[in-house]
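**Q** Each chain is listed here by its residues.
There are 2 protein chains.
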Amino acid sequence: MEIEIINTGSELLLGRVLNTHQQFLCSQLANLGMVVTRQVAISDTGPAIQNAVREALGRAELIIVTGGLGPTSDDITRDLIAELLGKKLRVDAEALSRIEQFFAQRNRRMPETTKVQALVPEGSIVLQNAHGTAPGLVIELDPNPFGSAGKRAVLVMLPGPPRELRPMFSKQVIPLLGKYFPKLTAFVCRTLKTTGIGESYVEEKIAGPLKHLTDGRIELGYCARVGEVDVRLVAHGADGECCVAEAEKIISGLIGAHIFGRDDDVLEEVVVRQLIAAKKTLAIAESCTGGFICHRITNVPGASEVFLNGMVTYSNESKQRLVGVHSETLAQFGAVSEATAREMAEGARLRSNADYAIAVTGIAGPGGGSTEKPVGTVFIALAGAEKTVTQQHLLQYDRETFKFVTSQLALDLLRRTLPLHR
Amino acid sequence: MEIEIINTGSELLLGRVLNTHQQFLCSQLANLGMVVTRQVAISDTGPAIQNAVREALGRAELIIVTGGLGPTSDDITRDLIAELLGKKLRVDAEALSRIEQFFAQRNRRMPETTKVQALVPEGSIVLQNAHGTAPGLVIELDPNPFGSAGKRAVLVMLPGPPRELRPMFSKQVIPLLGKYFPKLTAFVCRTLKTTGIGESYVEEKIAGPLKHLTDGRIELGYCARVGEVDVRLVAHGADGECCVAEAEKIISGLIGAHIFGRDDDVLEEVVVRQLIAAKKTLAIAESCTGGFICHRITNVPGASEVFLNGMVTYSNESKQRLVGVHSETLAQFGAVSEATAREMAEGARLRSNADYAIAVTGIAGPGGGSTEKPVGTVFIALAGAEKTVTQQHLLQYDRETFKFVTSQLALDLLRRTLPLHR
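Chains as they are written, first to last, in our numbering: chain F, 1488 to 1909; chain A, 1488 to 1909.
Treat the hints with care, since some could be wrong.
Which copy is meant is left open, because identical chains are indistinguishable; a pair holds if it fits in one copy or across any two.
30 Å max Cα-Cα, derived DSS-like pairs, lysine-lysine [claimed, not checked]:
| hint | residue 1 | residue 2 |
| --- | --- | --- |
| 1 | Lys1602 | Lys1680 |
| 2 | Lys1575 | Lys1680 |
| 3 | Lys1680 | Lys1874 |
| 4 | Lys1602 | Lys1692 |
| 5 | Lys1766 | Lys1638 |
| 6 | Lys1638 | Lys1658 |
| 7 | Lys1860 | Lys1766 |
| 8 | Lys1874 | Lys1574 |
| 9 | Lys1602 | Lys1698 |
| 10 | Lys1860 | Lys1767 |
| 11 | Lys1666 | Lys1638 |
| 12 | Lys1574 | Lys1658 |
| 13 | Lys1860 | Lys1658 |
| 14 | Lys1680 | Lys1638 |
| 15 | Lys1658 | Lys1766 |
| 16 | Lys1574 | Lys1860 |
| 17 | Lys1658 | Lys1680 |
Please keep in mind that the hints were generated in silico from the structure rather than gathered at the bench. Keep in mind it's a predicted model, so treat the numbers as computed, not measured.
Start from the sequences, fold in the hints, and give me the full structure.
**A** Pasting the structure below:
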């Protein structure tokens, strides 16, 4: 089955933005066993959009078009596709009322142009937009006017903003695809999420012991990002679930301590779940990560149950005032030192009356390094009721990656300290 | 002039990786006045690659193909394109000797398969690879066998790894493009970055007054993200700079207060630059944004010059202890109130001995809302030496978007308060 994605938007071809839709849609579809065969990006101009859609309809059974459904004059996808297919546009009453509500709830006047978003080609299924004003559209073409005789095609149009497109695709399009294409291959895909271990080392550890399964029954893949390596297990056919479960058991036996979750788990969620289950509270004192650890923890709904407060002690004065680092410690060992990290964690824990406190202090760069303490030097401390554990690392990355990897190590230290919770 | 990019690689269509080549190549070419007209991603299979190259040659004068030049069995781009063009492969002596050196320098044995990378289609210009083993290739097709009669095309093949592709493109391909296409159109692209104003409203304000320029002399485009709208001005020809400058002046006159920067500016950088220029210091007290405002500020290199400390006062107790909110205020007005935001900002400013302090308190959701204060309610305060300004908003988004939009409003409030710095 041929599946094509068409991304419209001059900002893509000018290189102003990364095409995150491609990765999102391709991976979502691959998880359903539907592999995209071609992706095209074109600018917001009439001939380009119509040619691309016509060509895709000539080849594919499923075509997903992104962008160009908004209210401004360069949002022309809806009109052009309706014209290409010879379909009239009608006002969708529910879409219009949702657009009006959207502005009313925000106490904002609705510009007249906004209403064009409620126009839909006749015969389309309207996907209401829970996070914006432009609805998505699904048109079943049976027969497909540009395809081989008698063949059907499904054309899906999605709004460009990722926060509108993603939930619309997951919640509305995927169920429709199940209806249009019911004979999807039976397909099991599991991702084991690891941290604190490199990609080659993961492979070295697990590839041999999995050989009897990877010789035909499962596909094994790796995806390495900074601070995380995903191990992906894919199996087709009736015993797919069984094979994947067997592989997962073997991998857990070999590198289990590094596995923090599965599929869409993220480390901060795992840690918050562990804290909630253990009924423990957390305080955070950050220097070089500048609030990023607090940000990750507070991204998790329900974090307020366990997270009490954070202190972003960027200046030396604030390290003393907010978490009680001694001026002698700063004078003798410096702000970036094991002793300072330890006092930050212990001070944050005691003053916040928390069960645990994480502290980090380091040199994010690009400036501030020395021969003794080069850019990338970082100290992490975790204070609990019984003891304080510290770590030293050298993380030579750009500033934002440095913050991420430091936060990852700090959160993983807490994860390994807390009782498991699945 | 039509320019097309073809990205090969099954990992793209499985959604395992983001296509960063597209953005890199498109923005590099746009800076030269060469706007890419189409980008296609296809998997590493013979028919897909040959079809895509044949089609692109039927339309474009410049085609850039990425990926598939390496040593493994799925690296087949070189062979397939040579076959399509009816060109024999020959061993390039310099490429071979560089590959041998590459392994010798690393004290690694050279696998036999590696040598295939030294095979090049006859008549190609070989681009030596300073960071890997696969050379890039440039083939001038004059005439282009798949194009309109007599027309020429240039086909560029680049290796897939970004750290090999990027310097090869910048250092070797760009000079060649100047030779092949000497009459590049003079091209000006400017993006004005706005916040605090919706996309439709921007268009309503500026489209009319720019009509004399958009009728042929400049292209006007919009790119809306949550909390930000980019206005993009593109002009070709000798008077391009002039037209764009005129349009920018008109737009500044109409919505200037909302414009925080140009091109690659980000709001937190603008604010840090303003603070440094004004020699003013900043403290931050965050509740609902959970450290995200501190994170954004500390992403800016040099932030430590002006940012003193942040307090993430998630619990009520910490609002009292860390920034001195009165228990009566919490009891009478609640943690999410104008009075609390004001006391947080004033307390943070005084205790940190800072010139300015930002404070935010609100309900990020999904839980915690009430009829009186629904999810999305947020209060922002900015305390300075002379006065404290407060704002109330209702921001009904998912949790992470809520944090972003709140941080955007808070940073923009500070930006508008500080003296301009460009």
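**Q** For every hint, state whether the structure bears it out.
**A** Hints and how they fare:
In this homomeric assembly, Lys1602 and Lys1680 come within 30 Å of each other (Cα to Cα) only across copies, at 25 Å, whereas the closest approach inside a single copy is 44 Å. In this assembly of identical chains, the alpha carbons of Lys1575 and Lys1680 never lie at most 30 Å apart, being 48 Å within a copy and 36 Å across copies at closest. With identical chains, the CA atoms of Lys1680 and Lys1874 are at most 30 Å apart within one copy only, with a shortest distance of 28 Å there and 49 Å across copies. Taking identical chains as interchangeable, the C-alpha atoms of Lys1602 and Lys1692 lie at most 30 Å apart only when they sit on different chains, with a minimum of 17 Å there against 58 Å within one chain.
When the C-alpha separation of Lys1766 and Lys1638 is checked against a cutoff of 30 Å, the pair qualifies neither within a copy, at 59 Å, nor between copies, at 69 Å. In this assembly of identical chains, Lys1638 and Lys1658 lie within 30 Å of each other by CA distance solely inside one copy; the values are 27 Å within and 49 Å between copies. When the C-alpha separation of Lys1860 and Lys1766 is checked against a cutoff of 30 Å, the pair qualifies only between copies, where the shortest distance is 28 Å, while the shortest distance within a copy is 38 Å. In this assembly of identical chains, Lys1874 and Lys1574 lie within 30 Å of each other by CA distance neither inside one copy nor across copies; the values are 71 Å within and 59 Å between.
Taking identical chains as interchangeable, the C-alpha atoms of Lys1602 and Lys1698 lie at most 30 Å apart only when they sit on different chains, with a minimum of 22 Å there against 58 Å within one chain. In this homomeric assembly, Lys1860 and Lys1767 come within 30 Å of each other (Cα to Cα) only across copies, at 29 Å, whereas the closest approach inside a single copy is 34 Å. Taking the shortest alpha-carbon separations for Lys1666 and Lys1638, only the intra-copy value of 17 Å comes in at or below 30 Å, while the best inter-copy value is 48 Å. Proximity of Lys1574 to Lys1658 under the C-alpha cut-off of 30 Å is restricted to the intra-copy arrangement: shortest distance 27 Å within a copy versus 50 Å between copies.
In the homo-oligomer, the alpha carbons of Lys1860 and Lys1658 lie at most 30 Å apart only across protomers (28 Å), although the nearest pairing inside one protomer, at 50 Å, exceeds that limit. In this assembly of identical chains, the alpha carbons of Lys1680 and Lys1638 never lie at most 30 Å apart, being 40 Å within a copy and 46 Å across copies at closest. Taking the shortest alpha-carbon separations for Lys1658 and Lys1766, neither the intra-copy value of 33 Å nor the inter-copy value of 50 Å comes in at or below 30 Å. Proximity of Lys1574 to Lys1860 under the C-alpha cut-off of 30 Å is found in neither arrangement, the shortest distances being 67 Å within a copy and 45 Å between copies.
Within a single copy, Lys1658 and Lys1680 get their C-alpha atoms as close as 24 Å, which meets the 30 Å cut-off; across copies the closest is 32 Å, which misses it.
Violated hints, in rising order: 2, 5, 8, 14, 15, 16; the structure is consistent with all others.
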